[in-house]
Amino acid sequence: MNAALNWSISGVRPLLILGGVLLAAWPMLMSSAYELRIFTIVGIYALLALGYQFIFGHSGALALTQGSFFGVGAYVTAVLSVKFALGGELTVLLSMALPIALAALIAAPVLRLESHYFALATLGVGQVLVLVAVAWQELTGGANGLSGIPGLTLFGFEVKKGYAIMAAVWACVAAGAFLSWRITRGLYGAALHISRENPIAALSVGIDTAKLRYAMFLLSAMFAGLAGALYAHTIRVVSPEALEFPIMVACLTITVVGGRTHIAGAILGAILIVNLPEWFRAMDKYYLIAYGVTLLAMIIAAPYGLIGLLEQWRAKLWPEAPRRMPKAVPLLSLRATGPAFGPLLEIRDVHKRFGGLRALNGITLTVARGEIFGLIGPNGSGKTTLLNVITGIYRADSGSVSLDGAAIHALPSFAIAQSGIARTFQNINLVDEMSVLDNVAVARYGLENAGLGQTVAAGWSDPAWQRARSQAMSLLDALGVQSVAQSAAGTLAHGLKRKVEVARALALEPKLLLLDEPAAGLNETEQVDLADRLRSFARSGLAILVIEHNMPFLMPLAERMACLDHGDLIAVGAPADIRVDPLVVEAYLGLPEKTSA
Amino acid sequence: MLLQILVNALALGASYALLALGFVLILNATSAVNFTHGDMVMAAGYVAIALFSIVPVPGALLLPLVMVAMAVLGFVFSWFAYFPLKNRPPVSVFISTIALGIVFQNSANAIYGAEPRKGPPLLSEGLFEVAGITIGKQALGIVVVAIVLILAQHLLLNRTGIGRKLRATAQDRQMAEAIGIRVNRMIALTFALGAALAGAAGLMLSNTFFVTPTDGTNYIIKAYIAVTIGGWGSLTGAVCGALIIALFEVLFPSLPLLIPPLEAIAPWLFTQTASTILLYLGLLAIMFFRPQGLFGERVQRRV
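As you go down the protein sequences, you meet chains A and B in turn.
Just so you know, we're using the working numbering here: the first sequence kicks off at 149 and counts up by one.
Just so you know, we're using the working numbering here: the second sequence kicks off at 289 and counts up by one.
Note that these hints are calculated values from the structure, not bench results.
Cβ coordinates follow ideal geometry from the N, Cα and C atoms, glycine included.
Hints should not be assumed to be uniformly reliable.
[What the hints assert, rightly or not] Not the full set, but computed from the structure, chain A residues with beta-carbon under 10 Å of chain B:
hint, residue
1, A256
2, L261
3, L271
4, V280
5, I437
[Said to hold, decoys possible] Derived DSS-like pairs: lysine-lysine, alpha-carbon spacing no greater than 30 Å straight-line:
hint, chain 1, residue 1, chain 2, residue 2
6, A, K231, A, K309
7, A, K433, A, K309
8, A, K231, A, K308
9, A, K433, B, K406
10, A, K464, B, K374
11, A, K475, A, K464
With the hints as constraints, model all of the structure from the sequences given.
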């Protein structure tokens, strides 16, 4: 109960709760059927936008199919109830099912595309659907569409015009909002956040970003289908207009104006955008221009929408007291290490080319359990490429990589991370606006078996997220950065960010930790401190592979070292031997000038 | 018969090529999609109609005026659609240009209404007859004008100082800035150039295909397909892609005319609608199997 109270007074929620009460009271003041109908349509658009937030807001992908899914849902209801006289209990379900199936179908070619491609490909899909709806006259009524759609009936009971259908629509909005809240909070919500803001980092902590995006795309289709079905029953006519671009634009505008990730934003946006033509009726045909101008102004002035703006003002005018930090709970166990014999990491004859450039040329290396292994080489020698091959960000052209005897080079990046290889990055990859604690806690995603079903089923607060945060706290302790746990990661000094990245990597309970220039940008005290901590992690059985240019840092730390030059492995051995190896010296200093007579 | 169809395809392809070229120039300079680009074609059609109603001379004479008017529009456009958002993710620009597209469409609708309007012909309507072969004057005119403009664009970018600055800006903005190029000015110029090319396309398409306020969506998709087929960011690829699309669009529905038995087999297949659907499906297939485009090279992301 206390948690619920705290929740409701934090952020802008008091305002939103007040807004919700006013919203619920509003229909009681409505006198005409017309007003009720407009309010019903507001609910339908709110539902559409709530769905759109999954793919556009939470996944960050500019999909232009939401209007099409809406239209498909509307057509399914229209066709089934006009031509086959099916009841609402069936048509509504099928109106959701067909858009979901369609989304699943087009996801394969479309979902992995980069942003512009994705947006325009989804637009193309929408155009195909319009053409089909116009051409397939027997089924869809062609350009005229289908009229005479009956009201919604559920198991024989008719949901009447006016208050009844309005209540039904808003009940769907409430259910949708509840589902959206469950899905986007907690550990799953944090995983969505990191996947959107920094997909490379998300993959490196074992999050299957493609799967998350797929789930979001299907969810958005489901909401759009439901909105379309309700639209068909409310308007009673469905024509190709339901599939055309203006619906998509309205949905996009609602989401941008209200807020991309705020549930309240979808509802507020729908209220404003649906009523805009009513309020600007005096402007006649020019109101649509005002519509475009509004969208432009919002995207420029308030990219997080009106609700985002409210949150900013609240944070500025009336800052909240910092929340209590979770109690640190140590990780229960390091993971069971595989067979005790043989090397932990085995890289065999790995080749990688970029066009004509041979980045890696037959690298063979092993790293033992609990060993600290240094990897050196001049800039451009292939060190980071090797790291990217090990972690699956690049695919090797040939050769194999195995961890604990199991081949991992064919696995996707996130699966390699889950199998026990964690990494940090040369250019730090944290989510700037997320707190330090949450940046680390999100890495528990795989080990907590977080997922869509888990987060929907969890109660008021997600226990997996509570555990993840407590354990993240203990990792921040272990790296000596617990004092900044609640700061936004972007505000930290460079040295602290590096440590936070190490903490995040450790949250995976890895067998092998890959560090890409961890000492860069640290002062000497910080370097000594980091080296000490790394040694203590290695003593507890963690193998560490360090790329570093800073020899005073690496020499005393590494037990063995290897040197790369132009993609070739030119030396492996104890640090003392590497340091005097003529090939290594040559690689770093160039050939001694031959003095000519 | 075949020759006439080919000239028509070439004329359509040439117009699409101008459209796609402008789209790619802006894409390369800003790494953002200009969604209003299709609406610029539509806007240029109305500009041509407006000018023609004042000065009823052939379109070829109006062409420079239309292009200048569109260049000014493109320049002003960039100050609303692009510059306020230049430090944001490219998707923001995509959305801002969707917003301006709405403004364009509805302004056109408010001024001219939804009925299709016919634009001025380049020279005059009618047919040429050369050695027993009849060819549309408009189609031939379009091909000639487009070739001239594409060459001029090529010379401007590759043979002039300002062209070098434009290319430098598109290739590496930081570096261009570091060597003293006024990058913002170059980007605004690119918008002007892109809009002018779209303007030429708009004038030329407005006679054969008429103008309606909602044309933009169709054109932007064509430009986009052309660029996808040709390889994202490639100028030559965009021109080739545009020609391929036009060839398919014109040739495919007229196949039964050339090969009569086809009509009997599948009359529903050789329609405008079916060919458009096939084109989009082909696009999805290309993106799935060759996301770098038919002629493009694969790029590896850096970590």
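Quick rundown of the hints versus the structure:
1. Interface restraint check for A256/A: the shortest CB-CB distance to chain B comes to about 7 Å, inside 10 Å, so the restraint holds.
2. Hint status for L261/A: holds, given a least beta-carbon distance of 6 Å to chain B, under 10 Å.
3. Hint status for L271/A: holds, given a least beta-carbon distance of 6 Å to chain B, under 10 Å.
4. The restraint placing V280/A at the interface with chain B holds, with a minimum CB-CB distance near 7 Å, inside the 10 Å limit.
5. Interface restraint check for I437/A: the shortest CB-CB distance to chain B comes to about 5 Å, inside 10 Å, so the restraint holds.
6. At most 30 Å may separate the alpha-carbon atoms for a hinted pair to count; K231/A and K309/A meet this at roughly 21 Å.
7. The straight-line distance between the Cα atoms of K433/A and K309/A is roughly 29 Å, inside the 30 Å bound, and the hint therefore holds.
8. For the hint pairing K231/A with K308/A, the CA-to-CA distance comes to about 21 Å; that is within 30 Å, so the pair holds.
9. The straight-line distance between the Cα atoms of K433/A and K406/B is roughly 23 Å, inside the 30 Å bound, and the hint therefore holds.
10. For the suggested pair K464/A and K374/B, the alpha carbons sit about 26 Å apart, so the restraint of at most 30 Å is met.
11. Between the alpha carbons of K475/A and K464/A the distance comes to roughly 28 Å, so the proposed pair stays at or under 30 Å and holds.
Taken one by one, the earlier hints all hold for this structure without exception.
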